[in-house]
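Participant: Read off the chains here:
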Amino acid sequence: MKTNLSRFRPLIAVLAAVVALVGTAAVAAPAVTAQLDRANIALGDSAQLTLSVSGSSADDISPPVVPGLEFAAVGQSSQYESINGVTTSTTSITYAVTPQHAGTFTIPALSRGSQSLVLHVLPGNGGSSATTGNNSGASSLPPPATSGLSAGETHTTQDGAAFARLLLPKHELYVGETVPVEIQVGLRPGLVAQLDGLPTLNGDSFTLNKLSDKPEQTQEMVEGQPYTVLTWHSVLAAVKPGEFPLTVETPLTVQIRTAPRRAQMPEGMLDGSMLNDPFFQSFFGGGTTEKQITVASDPDALTVLALPAAGRPAGFSGAVGKFEVSSELSSARSAAGDPLTLRLKVTGTGDFDRVNSAMLGAADGWKTYQPTAKFAPADSAGYSGEKDFEQAVIPMQPGRQTVPTLAFSFFNPETRRYESKLTTPLSVEVSPTSAGGLATAAAPASNASPTPASEPPRDGLRPDRVETGGTVATLRPLYFQPWFVGTQSTLVLGFAGGLIFLRRRERHTQDADGARQREASGDIGRCLAEMEAASAAGDSLRFFQSGRAALQQKLATRWLVAPASITIAEIDARLNGDSAEIRRIFALADQAAYSGQHLSMADFQQWKETIHDQLKDTEAL
Amino acid sequence: MRLFDILTVRIDPEKMMVTRKLLHRVRRKMSGESCSKPSFACRRKYHGFARLCCAALVAALTLPICLVTAHAATGTQPSLNTTATSGYSAAALFNQGNAAARQGKTGPAILNYERALLLTPNDADIAANLHFVRAKAGLPDAPENWFARSLTFARPNTLAWFGSFGVVLAGMSLLLVRMHPQRRLTFRSLTVVGALLAATAIGSAITTWPMMKAAVVITGETPARISPVSDAEPAFQLHSGETVTVRAEHQGFALVQTSAGRSGWVARADLARVVPQSGDRSQSTHRT
Chain P
1 MKTNLSRFRP
11 LIAVLAAVVA
21 LVGTAAVAAP
31 AVTAQLDRAN
41 IALGDSAQLT
51 LSVSGSSADD
61 ISPPVVPGLE
71 FAAVGQSSQY
81 ESINGVTTST
91 TSITYAVTPQ
101 HAGTFTIPAL
111 SRGSQSLVLH
121 VLPGNGGSSA
131 TTGNNSGASS
141 LPPPATSGLS
151 AGETHTTQDG
161 AAFARLLLPK
171 HELYVGETVP
181 VEIQVGLRPG
191 LVAQLDGLPT
201 LNGDSFTLNK
211 LSDKPEQTQE
221 MVEGQPYTVL
231 TWHSVLAAVK
241 PGEFPLTVET
251 PLTVQIRTAP
261 RRAQMPEGML
271 DGSMLNDPFF
281 QSFFGGGTTE
291 KQITVASDPD
301 ALTVLALPAA
311 GRPAGFSGAV
321 GKFEVSSELS
331 SARSAAGDPL
341 TLRLKVTGTG
351 DFDRVNSAML
361 GAADGWKTYQ
371 PTAKFAPADS
381 AGYSGEKDFE
391 QAVIPMQPGR
401 QTVPTLAFSF
411 FNPETRRYES
421 KLTTPLSVEV
431 SPTSAGGLAT
441 AAAPASNASP
451 TPASEPPRDG
461 LRPDRVETGG
471 TVATLRPLYF
481 QPWFVGTQST
491 LVLGFAGGLI
501 FLRRRERHTQ
511 DADGARQREA
521 SGDIGRCLAE
531 MEAASAAGDS
541 LRFFQSGRAA
551 LQQKLATRWL
561 VAPASITIAE
571 IDARLNGDSA
581 EIRRIFALAD
591 QAAYSGQHLS
601 MADFQQWKET
611 IHDQLKDTEA
621 L
Chain L
1001 MRLFDILTVR
1011 IDPEKMMVTR
1021 KLLHRVRRKM
1031 SGESCSKPSF
1041 ACRRKYHGFA
1051 RLCCAALVAA
1061 LTLPICLVTA
1071 HAATGTQPSL
1081 NTTATSGYSA
1091 AALFNQGNAA
1101 ARQGKTGPAI
1111 LNYERALLLT
1121 PNDADIAANL
1131 HFVRAKAGLP
1141 DAPENWFARS
1151 LTFARPNTLA
1161 WFGSFGVVLA
1171 GMSLLLVRMH
1181 PQRRLTFRSL
1191 TVVGALLAAT
1201 AIGSAITTWP
1211 MMKAAVVITG
1221 ETPARISPVS
1231 DAEPAFQLHS
1241 GETVTVRAEH
1251 QGFALVQTSA
1261 GRSGWVARAD
1271 LARVVPQSGD
1281 RSQSTHRT
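Protein sequences appear in the order of chains P and L.
Each residue of the first sequence is one higher than the one before, counting from 1 in my numbering.
Each residue of the second sequence is one higher than the one before, counting from 1001 in my numbering.
These are calculated hints, taken from the structure and not from any lab test.
Idealized CB from N, CA, C, for every residue including glycine.
Do not rely on the hints blindly, as some may be mistaken.
[Unchecked claim] With a Cα cut of at most 30 Å, we get these calculated DSS-like pairs of lysine-lysine: (1) P:K214 - L:K1213; (2) L:K1213 - P:K374; (3) P:K421 - P:K374.
[Unchecked claim] Some chain P residues close to chain L (C-beta under 7 Å, calculated; not the full set): (4) R38; (5) K214; (6) A473; (7) L475.
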């Protein structure tokens, strides 16, 4: 064995020398390392290939040639190291690798010692950006180019570190309508340190479905600069009518270069390009610092319309979108009393939270139960899908029975009209009662009045309202508003004043008799005084008229009538003839008016006493 | 003697049910007769006052209607192509609460739900979402109050109008019962009904009053400080969505009290009142 080794020793030495020479030559050649950011992508997506070379310039780097793959340079960076006075540099170029077809591609090793890379390209969904290992939560909604989403002009931040875009399919929508949107945030590699949160809508006039933590990631050139673009697919819904600006914003942490102390550097020592290099900025006292900023998209004006009141079907539950319905029975044959399952499928696009159906209500020959609902989204955003309503129904009569048509109403924003879809009537052949069939039917409680199918809310929240209803100017209830309080206080004070007025009036009324008697006494006194004056003057006419007036006043006060109404007939009627003196006085007064009778002083005195006596006697009437 | 009978109706309760036509005849016959003037004048004043009361009733009922109509006309009913709109809608606030909740903004979500509940306290959806968001954020629900809950069968503004109607009804009935004592039972029953309506509105106002001073923490963790200055020592932390009672305000700070009874000064920018004060331009006082 030892002899054999000795025999091959020269050969081994030659081989070792050759290997050493080759190895030396290999070390002298530029060492290019390659790195792929991911191994699996979907057709239509791009991967990122980074080629780095040490100790050489970028001119020594060229992209590999792989049939079916396109390489496009999107960025370049340089790194310098100074160790014990020896400066080394590493240059990296980043390429966007875009496959032309699905399959497995091998990127060959670009230098000795490096390894080849394998890229698996999965078939896409009609050219859409399919999910990859890095964006499992992303939606399968169409990308902007194919879905008709549009965005305004892209504006980056002042330092060009990032931009945000909101892509909308249209700018006029209805309350309750949902539309697919894309939110794109472009990040400049090397300038953005990290994303501090998910994009959010600015304002609360719209709702946005929850965004994925793992958005799609692509490369894009904007204004000649490479950006890593993160894309979220979601669904936007408007909550109230009006015109509103809509923006999205995202918090970021960016790296800001601090200026070097140029005053200490010799003039003309370094040119401008070197001064701008991060390495030299750091070397001369410059560096980077982090700063939190918020990048926002350009405002996009959206007009939100209220749902029209005209033509609204009675069974409209608030669904806005485009839907189709179909129904089926679990069996075309059954026995009376045996339960069947009636299914209603609503498919389409829109807000499925508002898709609801009372299913079959009270129907002749059928016993119906509370329906249930289940939604199966066709995409991660829940924009499209199928909602299944199931209801247990029991035919009660044998023979050929028919399940009536089921109606589902919704508002179609494309046609701008309410639409009602009807299912076709379903027939079932019902045989006579099977054993225990009716007993089974009687067990569950019947559902006399149709109620919408119950479905737990998808995100734990009760769904939005499509009817915004009336508005109030302020949240402050009426009874805390000064004008209302003032009005009520005025009313209360007015009624209190009215009550006081009425009470005083009642008291005054109660005192009216006394007042009237006082007034009558005054009148009688005046009449008697006039009678005295007439007797002194010998005027019998005035004397008897004054006496009669005094008696009229007295009687009128007693009888609560007008004095003028006290006539002889009135007195006879009231006193039943027991009024001879009064009648005589009244008669003398009448006679004195036309007879011109003159009385002596004694007669005056006698009649005065008579009148006074009669006045006193009337007190007892 | 018919005239005499007519004139005695004032003191004879049985004959007080005279017709208006008969009273007009009395008026014609009695004009110019001095002794019967007090009775007739009193009766005429009664009728004048009754007319005044009727006018007041009509005014009291039509004025609010006119105000509401005018308010509705100047308000912002949802319409096409409206731009800068004003006014609050319970449904819009509910939707805004949902929007904030879906974005993880607990404070604005609870604020909008509280505002929506203020407008429609008997809305089960709003209460459910408010409970859900609070539970998710680890915040306790407001304590149950049977008295307040019993008054949530209608909107506060509706109850306020009922109360106003009750005031008019009770007031008018109190007046009419004195003018028409023969219908005492009817008018006193109406008085009780009116008083109950007014009492319901007052009860609703009493239970709603705390919300006038309530505020919601709309930012994240917010320190409640021992004094109203920025560098004062924090006494405790408030969480986003926590509902507090504002006791006082001083130079950009509000003295708040939590449901647990702890008090501290919080920057006003971190709070939003459930019922915005006049001139409050808080970013969370979005209107529809």
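Participant: Checked against the structure, which of the hints given earlier come out wrong?
Facilitator: 1, 2, 4 and 5
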